[in-house]
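A.B. asks: Position chain W relative to chain F; hints supplied.
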Amino acid sequence: MRLLSLLISLLITIVLIIALDTRWILPAPLGRLLSPQHGVWQNAEPTDATFNETLHFPGLTGNAEVFIDERLVPHVFAENDADVFFVQGFLHAKFRLWQMEFQTHAAGGRLTEVLGEKLGTTDILNKADRYFRRLGMTYAAEGSLKLMEQDPGTRLMSDAYTHGINAYIQTLTQSTLPLEYKILGYSPEPWTNLKTALFLKYMSFDLAGYETDFEYTSARNAFTKAVFDKMYPLAPDSADPIVPLGTLFDKPGILPKAPASRDSLYMKFRSASSVLPIEPQKPDKENGSNNWAVSGSKTKSRSPILCNDPHLGLNLPSLWFEMQLHTPNFNVYGASFPCGPGVVIGFNDSCAFGFTNAGRDVRDYYEIVFKDATRQQYLLNGKYENTIFRIERYKIKGKRDFIDTVAYTVFGPVIFDEKFAGKSNDRKSYAVRWKAHDPSNELKAIYELDRCKNYIEYVRAARNFHTPGQNIVFAAKNGDIAIRAQGEFPAKWARQGDFVMPGTDSSYLWQGMIPQAENPRQYNPERGFVSSANQFPADTSYPYYLGNAYPPYRGLIINRRLSQMENITPQDMMKLQTDNYNVFAEFARPLLLKAVSGDDLPADAKKYWEMLKTWNLRYDGAEKGATVFAVLFDSLENVIWRDELAPLKNYLMPAENTLLEGLLRDSAYQFLDDVTTPQKETLHDNIIAAFRQALPVLKKAEDENRLHWAAFKDTRVTHLTRLMQFSRLHLNMGGGRNAINATKTTHGPSWRMVVHLTPETEAYGVYPGGQHGNPGSKYYDNFIDTWAKGEYYPLVVMKKNQDDSQVKWTMKFLKSETSKD
Amino acid sequence: MMKLIVSSILIALLSLAACFYLPWWTIAVVAFIVSISIYLKPWVAFIGGFVAVFTLWIALSIFISNNNENILAHKMALVVLHTDSPFGLILLTGIIGGVVAGFGALTGSLLRRTVVVPPPAVIP
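Chain order of the listed sequences is F and W. The opening residue of the first sequence carries number 105 in the numbering used here; numbering runs sequentially from there. The opening residue of the second sequence carries number 1474 in the numbering used here; numbering runs sequentially from there.
Okay, chain W solo, but in the shape it has when bound:
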């Protein structure tokens, strides 16, 4: 559980930092690398990656949209979702980020499992 939390926080923080300079899909690369470094079972890794960027992107878009009094979110929700739902747009943002990072993390975990035999889980 501890590893999952550490891994998620790391993915979120590194994604935030990397995206100041690099393209948006760097979130998948970050999740991939973190999952190689901190081994989690594949499906756990997916959840870790998903939760990390889902939370990050939701938090960022809520923060931005609040400061904007949802002016843009109303308009873009109508364009993208065809309904006037700023929250819907925020949720979609989170899901997209989450899924991409989740699959990045899953791939990282599967690679680690394939190349390196995972050490037995020893809890000190």
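Just chain F, with the same shape it has in the complex:
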């Protein structure tokens, strides 16, 4: 009896411990998680925590000091370059390690290792990991890694950075592990240079991975050429390109020849339709940005001002980490990527630089014909060629490994085939040719930009940037301003790669790259400013095919404003960067108001019509007219295109500027007619129908007291795991698509920067996040309110002997006495 009760008690104790220490019985190891000395309580950083610290590392060659200001921005002063990147790696890891590993796990198709096969209803294995590996992300990163490690500068930079991260990882204990590791139940692995390369490829995916080849192919199969060209025209009327209309271009160095079978085989409009794959993930179409520089001729101080705000997904921890790096060789301040060394968007003692996305289509598909199910050979120019297999092994948390074999062809990896077809399966195979597969060393561009002194060095630095293509803006203290549509872009014949190409004919391969010297560029233009906002880089006189996916409106309004402005101050630039004026609505609203009088609307729609009529055309948070316009125009697009596109499984709605320009040009625009009805509809009929669709949405919003734009748009900054408890929701702010302040619901200006290149640099910046990645720190999201209000922080460039008033904490990195060498 006594023995029995002893055994029962022992058993209960053991079962309790197992239940609370593992995930076998409960969904989370609550004992391990809540133990105040081990679990999440340890991540509750005291709000008055000190960051003063003295550390010793054998990996350092000298000593380094880090001044940390009250916003937790580190200013690193090192005796040499290797040490500064070591310290940068250490600090990135100290504040952002979980995010860094998570981002590179995502890039390398390894999320199943930490999240399992499925997360909720999301199929991590197929939607994320297999897709990324089949796209060739790791293959591409391995290629670029070789270049990175061959170049002495980037080798030193990435090696030291990796050592710094690993030095931090070695300090970790169960208690000091970042919060997300504890919640998800795993530990960090050592960092490698490959992870840095993978992250850079992830940026290529995000910025040079958007294309619509399958959507265009299904539209080509469904429509005549005339209809297709109207829906997806090559040159919009509203184009105000990065290099102004009328710029003269050199004779092209390469003239791509269209294949002989182009018209019969490739441009086969209205042909038999086939089911095409749907990519499991697409980068956000809105991934874009604004940047501009004004020369001294337009500023009050007579010194140039450079501005940049990259529009990306709004996440916590933020993509960016602010810091200053100082060595005897360079002194740079700005936004860095946790995952990579150097400063990406920022300024040094001589100049400033910024980026917007070039948005060129550098990813194409080829339909592959395999000889048989073994996929060992594929047909090319009438002969069978051998494929090369790359075996991808997926370690799945809680399950057996999954093995996938990907066939590589002369075009690239076969991304979709019988074994993996995205959402649909027509049993066909498609290889992907992606510019990011070509080895390139973008880190070298960052390395050189950070220490660049003048225009010549800027050009030399920028030329290392191949993929993702970027419009790199530049301004220097000597008064120079410049921009270049930078990247290594394939020279394509017209419409090449807009549709899936035949993979049996090598004449459809890319024939070469546009010589970099021919990239559109501007240097000290007479108009006194350079700018880009993802619009067309050049007009149609540019001798290369540019594709057609370029949003025109932000570029239009930026150029209009900059042309008008004189005696510009940094404060004017901040006002411009956060301007909510919607120039698209300026063109579109009169069209709506002209076609409908208001009396012909349903009675309960009239008050919304009044809101639209009296709207100030601004996406300000309090504007109700903004909501009416956005909802109504969405409905109108839907009403106009639905009848044409509904039969297609996989389609892309024509761009809003295509519709607007079509309506402005032609009041009897052919797509106004609903092809499913016998009568012929007019714009008036379409607007009324759109209002009927919009009405319930508007009424519901009004009932819920969220008709004003800020509440309707409902901007949020979400934690990378989509855990809402770690996110910032319902931000009260304006902005939106086509406004310079491009803040949408989950997407927007991820870093705003204004740099005034006066002798002593005057700079401002802010990003929607905080320096600390720990949700238990007060520095986790403390910049968000400032950002949402459209305010900025002064960016303080510190000196080696900085006075104490700006330095809140000091970290000392000392060369260890027990050095191995």
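By construction, these hints were calculated from the structure, which means they are not laboratory data. Everything numeric in this text was worked out from a predicted model, so none of it was measured. All C-beta atoms, glycine included, are put in the ideal place defined by N, C-alpha and C. Mixed in with the good hints there might be a few duds.
Computed list of lysine to any residue pairs in SDA-like fashion (alpha-carbon distance at most 20 Å, straight line) [to be verified]: (1) F:Lys-581 to F:Glu-630; (2) F:Lys-532 to F:Leu-484; (3) W:Lys-1514 to F:Leu-111; (4) W:Lys-1514 to F:Arg-106; (5) F:Lys-882 to F:Glu-149; (6) W:Lys-1514 to F:Ser-109; (7) F:Lys-710 to W:Ile-1544; (8) F:Lys-404 to F:Gln-668; (9) W:Lys-1514 to F:Ile-116; (10) F:Lys-882 to W:Ser-1558; (11) W:Lys-1514 to F:Leu-108; (12) W:Lys-1514 to F:Glu-149; (13) F:Lys-882 to W:Asn-1543; (14) F:Lys-231 to F:Lys-250; (15) F:Lys-882 to W:Glu-1542; (16) F:Lys-848 to F:Lys-893; (17) W:Lys-1514 to F:Met-105; (18) F:Lys-882 to W:Ile-1544; (19) F:Lys-882 to W:Lys-1514.
Distance windows between CB atoms, simulated [claimed, not checked]: (20) F:Ile-129 to W:His-1555: 18 to 24 Å; (21) F:Lys-501 to W:Thr-1556: 27 to 33 Å; (22) F:Val-119 to W:Thr-1556: 24 to 30 Å; (23) F:Arg-127 to W:Thr-1556: 20 to 26 Å; (24) F:Pro-348 to W:His-1555: 52 to 58 Å; (25) F:Gly-220 to W:Val-1589: 55 to 61 Å; (26) F:Arg-127 to W:His-1555: 14 to 20 Å; (27) F:Thr-225 to W:Lys-1476: 53 to 59 Å.
C.D. replies: This is chain W only, laid out in the frame that chain F set:
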């Protein structure tokens, strides 16, 4: 009563010390060992173990969370309890620690009772 208090204080202090180096469930081992050393009736031992670590963990988490202005407790309470209650999270922490230590102590007491016949309770 004196023995209960001594035993509880010992469990709390040893748990605090051990957990600087050892896994969290060492609290059960500590309670087990203390209960073998200082004999209490099984249910008294359970209460002693429970109260010791319940108090310790509540005190520690209140101290930590206060210094943190409850930033993390608000978020984690939403994750774990689905309500915004830092106090709820602190209470859950205490209960988990208390129950595990309580059962450790109970097992220790039962073992002592099984292996060694308890000496008659002589109060000097």
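A.B. asks: Among the hints numbered above, which are violated by the structure, and what are their numbers in rising order?
C.D. replies: Of the numbered hints, 7, 12, 14, 19 and 25 do not hold.
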